[in-house]
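Q: As you go down the protein sequences, you meet chains W and E in turn. If you count the first sequence from 1, position 31 lands on 30 in numbering that gives the first Met the number 0, and the numbers rise without skipping. If you count the second sequence from 1, position 204 lands on 203 in numbering that gives the first Met the number 0, and the numbers rise without skipping.
Among the clues, some could well be false.
[Said to hold, decoys possible] To spell it out: a stretch of chain E is covered by chain W in this simulated footprint if at least three of its residues, at any positions, have a beta carbon under 8 Å from a beta carbon of chain W; those stretches are:
(1) 38-51
(2) 131-137
(3) 142-148
Treat the hints as calculated values from the structure; they're not laboratory data. C-beta: ideal position from N, C-alpha, C; glycine also.
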Amino acid sequence: MADPKMRFLVVDDFSTMRRIVKNLLKELGYSNVDEAEDGVQALAKLRSEQFDFVVSDWNMPNMDGLTMLQNIRADPALAKLPVLMVTAEAKKENIIAAAQAGANGYVVKPFTAATLDEKLNKIFEKMEKAA
Amino acid sequence: MTEHTADSTSPDEVLSRIGHMTRALHENLRGLGLDKLIEKAASDIPDARDRLDYVARLSEGAAKRVLDATDTAGPLQDGIDARAADLTRSWQALLAAPARADGADAEWRALAERTMAGLAESRDAANATKGHLMDIMMAQDFQDLTGQVIKRITGIAQNLEKQLVQVLVDFAPSEIKRELDNGLLNGPQINPEGQSDVVADQGQVDDLLDSLGF
Numbered sequence: 000m001a002d003p004k005m006r007f008l009v010v011d012d013f014s015t016m017r018r019i020v021k022n023l024l025k026e027l028g029y030s031n032v033d034e035a036e037d038g039v040q041a042l043a044k045l046r047s048e049q050f051d052f053v054v055s056d057w058n059m060p061n062m063d064g065l066t067m068l069q070n071i072r073a074d075p076a077l078a079k080l081p082v083l084m085v086t087a088e089a090k091k092e093n094i095i096a097a098a099q100a101g102a103n104g105y106v107v108k109p110f111t112a113a114t115l116d117e118k119l120n121k122i123f124e125k126m127e128k129a130a
Numbered sequence: 000m001t002e003h004t005a006d007s008t009s010p011d012e013v014l015s016r017i018g019h020m021t022r023a024l025h026e027n028l029r030g031l032g033l034d035k036l037i038e039k040a041a042s043d044i045p046d047a048r049d050r051l052d053y054v055a056r057l058s059e060g061a062a063k064r065v066l067d068a069t070d071t072a073g074p075l076q077d078g079i080d081a082r083a084a085d086l087t088r089s090w091q092a093l094l095a096a097p098a099r100a101d102g103a104d105a106e107w108r109a110l111a112e113r114t115m116a117g118l119a120e121s122r123d124a125a126n127a128t129k130g131h132l133m134d135i136m137m138a139q140d141f142q143d144l145t146g147q148v149i150k151r152i153t154g155i156a157q158n159l160e161k162q163l164v165q166v167l168v169d170f171a172p173s174e175i176k177r178e179l180d181n182g183l184l185n186g187p188q189i190n191p192e193g194q195s196d197v198v199a200d201q202g203q204v205d206d207l208l209d210s211l212g213f
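Here chain W stands alone, though its shape is the one from the complex (with noise of 0.2 Å):
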């Protein structure tokens, strides 16, 4: 497992996501969990404060997920940020763009507490070997 104090930012547009992702996490056992409603909100907290990690929905009002990562990795200060989309965009096309925006990994929604655990150290187990 990761550092445990790993600062977490969940951006989804609907609360009850954003809950149920925040409680994963605490569970998984990273407490250190703030959230975002958009892209917009998130890259505002991004530029503002220091996050480790981001876990973030597609379809979103004002800034939609891919935008957000796109800013993200165009921006030299976040480049690096892993983030992991939790979308219920299924369509194969959706996954490439996902992947080829810098995408670190991507769960469809309904998904699992496991299939959200396996993901995240899937990401923490690149993360290391490429440090």
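With chain W held as given, fit chain E onto it using these hints.
A: For chain E alone, kept in the frame of chain W given last:
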């Protein structure tokens, strides 16, 4: 062959023909009394949208109540587990002392063993309940998914309504048109979630009429 035909037909001619077809369609619709049906369909859509909004709102409220309850119940189960673990350790410490040779403490030792077994069961049940609470919490993700579907259908209904009302605005007799035009001043751009039996500004109406050759 086909290319030659396409080249020899000017865009104006195409538009004019579509315009005539549209007008003919409109006259046929009116002849059949279908304009009333369209009007009814358009006026039913806001009601359908309201009902969908109601479903979305109630589902969200229910999911929130469930999450509030699971958020409260989780720590209660943690508390039961922690207190049972603490009591078990205390009993274990007491039992660690050698038993009396005369057997005078046999009765409370037996009770202590039974208490510890009961505490172990409590801990198992508390942890199993935590697992069920997680399942209940996860099941609330339906609200996100059904919510997205409802949003989408609401959007489709709104578009359909716009198009139907546009048909009515474009082809209504002039006195009804004036009525409808007045409504457009409070159009959906200001409050798209609210009334949208009112659709577009005059510019859009004019553009559409122009494009149809009227």
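Q: Does each hint hold? Answer for all of them.
A: Verification of the hints:
Counting residues of the segment 38-51 of chain E whose C-beta lies closer than 8 Å to any C-beta of chain W gives 0; at least three are required, and the coverage claim is violated. Figure legend: the segment 131-137 of chain E, annotated as covered by chain W; annotation consistent (3 residues with Cβ-Cβ distances under 8 Å, at least 3 required). Given a C-beta distance limit of less than 8 Å, the hint that chain W covers the segment 142-148 of chain E holds, as 5 residues qualify and 3 suffice.
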